Amino acid sequence: MKIKNSLIKPFLTEGRIKTRKNEYTGYLDLLIENDKIAEHAMPGQFVMVRGWDSNDPVFSRPFDIVQVNPAKGLFRLIIKIAGKGTAMLNSLRAGSRLLITGPLGNPVEVPHGEKIILLVRGAGAAAVVYLAESAKKAGTEVFTFLSASTRNRLVCRDYLKDASNDINIITDDGSDGYHGDARDILEGFINKSKPDRIYTCGSKRFARFTGELEKKGLTKGYVFLESYMACGMGDCHGCAVKKRGSGGYFLVCKDGPVFPVNSVELD
Amino acid sequence: MIMDLNVNIAGVILKNPVMPASGTYECDSIHDNIFSPDELGAVVSKTIFINSREGNTPPRICETPCGMLNSIGIPTEGVNNFIKDRLPVLSGFGVPVIISIAGNSMEDFCELAGIIENTGKADLLELNLSCPNLHHGIEWARDKKELYRVIKKVKEVTRVPVIAKLSPSVVDISEMSLIAESAGADAVALINTYKGMKIDINKRKPFLGNIAGGLSGPAIHPLAVYAVYSSFTKISIPIIGTGGIASWIDAVEMILAGATAVGIGMYNFVNPLIMREVIKGIEAYLKDNNFAEITEIIGIAHL
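Sequences listed follow chains A and B, in order.
47 is the number that this note's numbering gives to position 47 of the first sequence; each next residue is one higher, with no gaps.
20 is the number that this note's numbering gives to position 20 of the second sequence; each next residue is one higher, with no gaps.
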């Protein structure tokens with residue numbers, strides 16, 4: 001695998017849907033042909049995507065880059081179908097063209113030879129797949145805790161399984177894996193395994209929990225944040241998140257999207 | 001044939017009539033692979049205050065049909081940091097620099113105008129008299145006496161030509177344009193956003209952190225065209241037409257209505273290449289319709 005160490009400025013570029021599938025309830029899995037994103041995107045980064053010419057909806061939509069295959073010029077997005085824009089993306093067939101801006105945001109530093117935990121829920125699982133794959137390749141042990149309301153919403157389950165040394169499944173309704181709350185089983189695991197870092201996405205509860213673990217001195221915590229955003233490039237100032245302590249705001253697009261968990265106000 | 005796209009705003013020659021609306025395009029190097037500001041008729045700063053400001057509580061933006069509401073609240077580093085960090089960037093593109101300023105008082109506007117003039121790097125000064133997200137913002141542009149006084153005061157303290165950015169949230173914006181001209185404004189920018197709001201029906205609360213915000217985007221374009229059209233015959237100073245431009249067609253409409261130049265705002269977020277597309281589109285329109293100069297079409301929609 002080519003080592004990527006320089007951050008490239010975003011492109012405005014066209015992509016084509018290679019395959020699409022609705023494997024999990026309420027989610028769309030898109031494999032997209034685009035050399036530039038596939039070659040340059042790094043873990044933690046995102047793209048703004050639109051697949052329609054009209055001005056309603058007017059904004060492109062931001063999505064985490066889930067996987068890249070630079071050799072084949074492909075990258076993957078997982079899209080939670082939540083509103084007008086994502087419903088329009090879900091209506092597109094293989095072969096449809098997309099307008100893409102990216103890669104955007106700051107890459108997350110890939111840990112080498114460490115032990116990390118990924119604590120993710122729902123659509124948040126999509127944000128950490130690329131990090132998991134890169135970290136594992138860099139000799140890091142990856143332990144994933146994947147949570148969802150129910151079995152058929154365990155997004156990215158297979159991708160994360162392949163990219164982790166071990167994966168724990170947790171569902172609210174007990175339809176798969178541990179029946180209950182991921183936090184119940186996580187603290188014991190952390191005390192035993194002493195991970196270097198935890199990365200979390202998709203749940204404010206999990207983010208607050210991660211913040212507490214860090215405050216207890218158990219591990220370093222990072223949160224992948226999502227936000228409404230219009231541009232993804234720092235122009236609109238729409239994706240502000242309050243800094244903890246010092247006052248003022250970070251922009252999720254320009255300063256993130258991954259933050260040390262205790263550097264931001266989570267509510 | 002090479003089309004002449006030059007326009008003149010208060011003695012400042014723009015090589016084409018296209019500029020960003022204040023606060024929608026940072027002229028930041030993040031755009032390097034997509035678009036360079038040296039293609040523009042002018043660069044425009046976000047609105048600068050004397051002191052730094054954090055901006056408003058999130059959520060700050062909300063998509064609406066063909067538009068957006070924003071309650072960003074003008075975060076700024078304050079004028080000193082702006083002059084140190086941002087102004088050298090803005091003045092490095094070889095195109096005229098428009099600095100947008102605002103204040104909480106008339107004294108603020110005058111002080112800022114003086115500070116900016118002393119840098120020697122502002123070709124034009126835009127007075128943001130119409131931000132709907134400021135406590136005192138929109139009021140300047142809604143009160144005839146206040147509008148007159150603030151423009152007149154600023155004109156007394158600076159030789160940099162002044163653009164007055166006006167609010168559409170008034171009874172008759174053409175009257176406000178006339179007042180701006182009579183107070184000494186060298187140009188008007190029409191229009192800022194419309195004040196509006198969105199309610200979250202699940203939370204049963206206002207969606208935006210600041211309750212209300214400013215509506216912009218294609219949804220307001222016909223309103224902006226009318227504001228330009230109705231002001232054009234009343235004033236003799238140039239109009240910078242801003243409001244919902246999402247294509248070169250929208251920009252040509254603005255110019256035919258009476259705008260000498262056009263500002264692209266919200267659509268910079270949607271299409272990072274929009275300003276280039278508008279410049280090229282205007283040029284092609286002139287060529288296709290046998291006009292040699294852009295000035296030939298300014299305001300010709302008037303009967």
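Don't take every hint at face value.
To be verified - In silico EDC-like links for lysine to aspartate or glutamate, alpha-carbon gap of 16 Å or less:
hint: 1; chain 1: A; residue 1: 84; chain 2: B; residue 2: 54
hint: 2; chain 1: A; residue 1: 242; chain 2: B; residue 2: 28
hint: 3; chain 1: A; residue 1: 243; chain 2: B; residue 2: 28
hint: 4; chain 1: A; residue 1: 9; chain 2: B; residue 2: 54
hint: 5; chain 1: A; residue 1: 9; chain 2: B; residue 2: 32
To be verified - Computed, partial: chain A to chain B, Cβ under 10 Å:
hint: 6; residue: 178
hint: 7; residue: 179
hint: 8; residue: 189
hint: 9; residue: 190
hint: 10; residue: 230
hint: 11; residue: 235
hint: 12; residue: 240
As the list claims (entries may be wrong) - Every beta carbon over 10 Å from chain B, so not counted as near; a handful from chain A, in silico:
hint: 13; residue: 9
hint: 14; residue: 10
hint: 15; residue: 12
hint: 16; residue: 18
hint: 17; residue: 25
hint: 18; residue: 26
hint: 19; residue: 56
hint: 20; residue: 137
hint: 21; residue: 139
hint: 22; residue: 172
hint: 23; residue: 188
hint: 24; residue: 214
hint: 25; residue: 238
hint: 26; residue: 247
hint: 27; residue: 254
Quick caveat, the hints were computed from the structure, so don't treat them as lab data.
These numbers were taken from a predicted model, which means no experiment stands behind them.
A virtual CB, placed ideally from N, CA and C, is assigned to each residue, including glycine.
Hint by hint, here is what the structure shows:
1. A/84 / B/54: 31 Å, violated
2. A/242 / B/28: 23 Å, violated
3. A/243 / B/28: 23 Å, violated
4. A/9 / B/54: Violated: residue 9 of chain A and residue 54 of chain B sit about 27 Å apart, past 16 Å.
5. A/9 / B/32: Holds - the C-alpha atoms of residue 32 of chain B and residue 9 of chain A are around 7 Å apart, at most 16 Å.
6. 178: Violated - the Cβ of residue 178 of chain A stays beyond 10 Å from chain B, reaching only about 30 Å at its closest.
7. 179: Since the shortest Cβ distance to chain B is 28 Å, the answer is violated.
8. 189: 34 Å, violated
9. 190: 31 Å, violated
10. 230: 4 Å, holds
11. 235: Nearest chain B Cβ about 5 Å off; hint holds.
12. 240: Check passed: Cβ of residue 240 of chain A comes within 5 Å of chain B, closer than 10 Å.
13. 9: 5 Å, violated
14. 10: Check fails; 6 Å does not lie beyond 10 Å.
15. 12: 5 Å, violated
16. 18: Correct as stated: the minimum Cβ-Cβ distance to chain B is 24 Å, above 10 Å.
17. 25: Residue 25 of chain A is indeed farther than 10 Å from all Cβ atoms of chain B, at 21 Å.
18. 26: Residue 26 of chain A is indeed farther than 10 Å from all Cβ atoms of chain B, at 17 Å.
19. 56: 5 Å, violated
20. 137: Holds, because the least Cβ-Cβ distance between residue 137 of chain A and chain B comes to about 27 Å, which exceeds 10 Å.
21. 139: About 33 Å separates residue 139 of chain A from the closest Cβ of chain B, which puts it past 10 Å; holds.
22. 172: 20 Å, holds
23. 188: 35 Å, holds
24. 214: With a cut-off of 10 Å, residue 214 of chain A remains clear of chain B, as the shortest Cβ separation is near 23 Å.
25. 238: Given that some Cβ of chain B is not farther than 10 Å from that of residue 238 of chain A, nearest at about 3 Å, it is violated.
26. 247: 7 Å, violated
27. 254: 8 Å, violated
Hints 1, 2, 3, 4, 6, 7, 8, 9, 13, 14, 15, 19, 25, 26 and 27 from the earlier list are contradicted by this structure; the remaining hints agree with it.
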